Amino acid sequence: DARVTQTPRHKVTEMGQEVTMRCQPILGHNTVFWYRQTMMQGLELLAYFRNRAPLDDSGMPKDRFSAEMPDATLATLKIQPSEPRDSAVYFCASGLSGLAKRTGELFFGEGSRLTVL
Amino acid sequence: AQTVTQSQPEMSVQEAETVTLSCTYDTSESDYYLFWYKQPPSRQMILVIRQEAYKQQNATENRFSVNFQKAAKSFSLKISDSQLGDAAMYFCAYRSAIEYGNKLVFGAGTILRVKS
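So the protein sequences, as listed, match chains A and B. Residue 11 in the numbering used here sits at position 11 of the first sequence, and the numbers go up by one each step. Residue 42 in the numbering used here sits at position 42 of the second sequence, and the numbers go up by one each step.
To be clear, the hints were calculated from the coordinates, so they are not data collected in a lab. All values reported here derive from a predicted model rather than from experimental measurement.
Now the in silico label distances, taken between C-beta atoms and shown as ranges:
(1) B/1 <-> A/61: 15 to 25 Å
(2) A/10 <-> B/12: 27 to 37 Å
(3) A/72 <-> B/55: 30 to 40 Å
(4) A/84 <-> B/41: 21 to 31 Å
(5) B/64 <-> A/70: 33 to 43 Å
(6) A/41 <-> B/44: 16 to 26 Å
(7) A/80 <-> B/116: 39 to 49 Å
(8) B/113 <-> A/44: 17 to 27 Å
Each residue gets a CB set at the ideal place from its N, CA and C atoms; glycine is no exception.
The task is simple: from the sequences and hints, build the whole structure.
Below, the structure written as structure tokens:
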């Protein structure tokens, strides 16, 4: 059963610490998305990749956030330094685009709940 | 830019009854997808139903069906025979079919409560 895998599921850290979240997209998917969910802002797109190339990271605070895809099986979202306002659930999703996009559906991981004290 | 609006922050339904969740969207594109995702307390995002804009027929998945009105840019979700397990946050979402514009845009969500 193919699924998007995210780690860690939960993370509690102190303000100023570095946080790295990881995502393993579904094998064969060529687009990967990072979303942040908060009560106030709902689901916000932070960044997304197509064929490992960043297409849009305009939703991401550039001074402290960075997103990369070192290879097709791993996407990372890093926050350095973390702040209490970064507390949220971070979702990774993968899907297909281009000629292979088929139904257009995105598949979501279970999310990483981050708490910054 | 595309936007998705869910005007009902919260809805309630009696078990076994029918409920309709509203969604409107704004786009200038003609080729796109629309989705309803369910997020239970476990926070997992679960796809409930999808609709391709070029298809006139409304999508159905068991107890879930949509009323897709392309001209009105409306995409409502009907849940028939509501069950306790349907209680969750429901998100309406839009995705462009254009090659480089296909991020998923979400509405604010509707909390659905199911009363026994």
